[in-house]
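Peer 1: All chains, full assembly: derive it from the sequences and hints.
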Amino acid sequence: MRDWFELRIPALSQNESFARAVVAQFALQAGDWSIVELNEIKTAVSEAITNSIIHGYEGSPREGEIIVKGQATPNKLEITIIDHGQGIENVERARQPLFTTKPHDERSGLGFTVMESFMDELTVTSALGQGTTIRMVKYLCSATLQ
Amino acid sequence: MGFSTRYRGNILVVSLAGELDHHTANDLRHALEKELDKDIARHILLNLSELTFMDSSGIGVLLGRYRRISAQGGKMAACSLHPHLERLYDLVALSKIIPAFPSEDLAVGELKKDEVRQP
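Quick note, the sequences are listed as chains A and B, same order.
So that you can map any letter, position 30 of the first sequence is 30 in this note's numbering, and since no number is skipped, the others follow by simple counting.
So that you can map any letter, position 94 of the second sequence is 94 in this note's numbering, and since no number is skipped, the others follow by simple counting.
Quick caveat, the hints were computed from the structure, so don't treat them as lab data.
Among the clues, some could well be false.
[Claimed, not checked] Here are the computed distance ranges between Cβ atoms for each label pair:
#1 Pro102(B) / Leu128(A): 44 to 54 Å
#2 Glu58(A) / Lys112(B): 40 to 50 Å
#3 Asp37(B) / Pro10(A): 43 to 53 Å
#4 Lys112(B) / Glu6(A): 52 to 62 Å
#5 Asn75(A) / Arg68(B): 44 to 54 Å
#6 Arg8(B) / Leu7(A): 41 to 51 Å
#7 Asp90(B) / Glu63(A): 29 to 39 Å
#8 Lys69(A) / Ala31(B): 33 to 43 Å
#9 Ser95(B) / Glu63(A): 15 to 25 Å
Note that CB positions come from ideal geometry on N, CA and C, so glycine has one too.
Peer 2: So this is what it looks like as structure tokens:
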């Protein structure tokens, strides 16, 4: 059985907590995730949405929108986070640990490192002026052992 | 997110509760900067027993305060880490910069121990 959801939210930081909670609830309903795994999922989602707000839309004159999509089977969770913001100039460089374009804003440059470490697959596609799509997949530990 | 501050001697104890993310990081940053401006704190101790969530935005704000207190010769420590934070703390090896202790008293003891050693 495949379950799915789609969520559209304004790209505002106060919506991050809400989006995390939705994804965690969706995951919990679909599979037998542990508390540790759920926290990893929530943290990865938080990083992706923060990324969209800060790097996609910061300084943009119009209010942006973020789309969060989820798909799940009992053994696999797939979350996609889409923005139509500025896009990332160099995705490979952005994914380097500690790389940040905003050190003065106390950005740690660890967002993609966290996403990569807490999820099993991470795909980032971005086009300047068009936006960024982050696709993350996590497998239930018991499923990967089979 | 909620937070409160108090002093144990010259140690600023910051108790964090709830979720520290991009949205709440700014409030915490401003409050702690204001507290540090009073020039009372030599060290900072973070009590994280009630902090159920933190992401890299939270790490950014903690490291920012670490830079300030260490530039003044002080130290930063954490205590009573909520189990939910352990994965992130380990992943980024945060304990190398902000060591975590099982209890507030142990952390305070450690921060004070350093002071005694100084001439």
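Peer 1: Now, for every hint given, state plainly whether the structure supports it.
Peer 2: Tested hints:
1. Pro102(B) / Leu128(A): 44 to 54 Å: 48 Å Cβ-Cβ, so the 44 to 54 Å window holds.
2. Glu58(A) / Lys112(B): 40 to 50 Å: Given range 40 to 50 Å: holds, Cβ gap about 42 Å.
3. Asp37(B) / Pro10(A): 43 to 53 Å: 34 Å, violated
4. Lys112(B) / Glu6(A): 52 to 62 Å: Holds, at about 54 Å.
5. Asn75(A) / Arg68(B): 44 to 54 Å: 46 Å, holds
6. Arg8(B) / Leu7(A): 41 to 51 Å: 44 Å, holds
7. Asp90(B) / Glu63(A): 29 to 39 Å: 37 Å, holds
8. Lys69(A) / Ala31(B): 33 to 43 Å: 36 Å, holds
9. Ser95(B) / Glu63(A): 15 to 25 Å: 39 Å, violated
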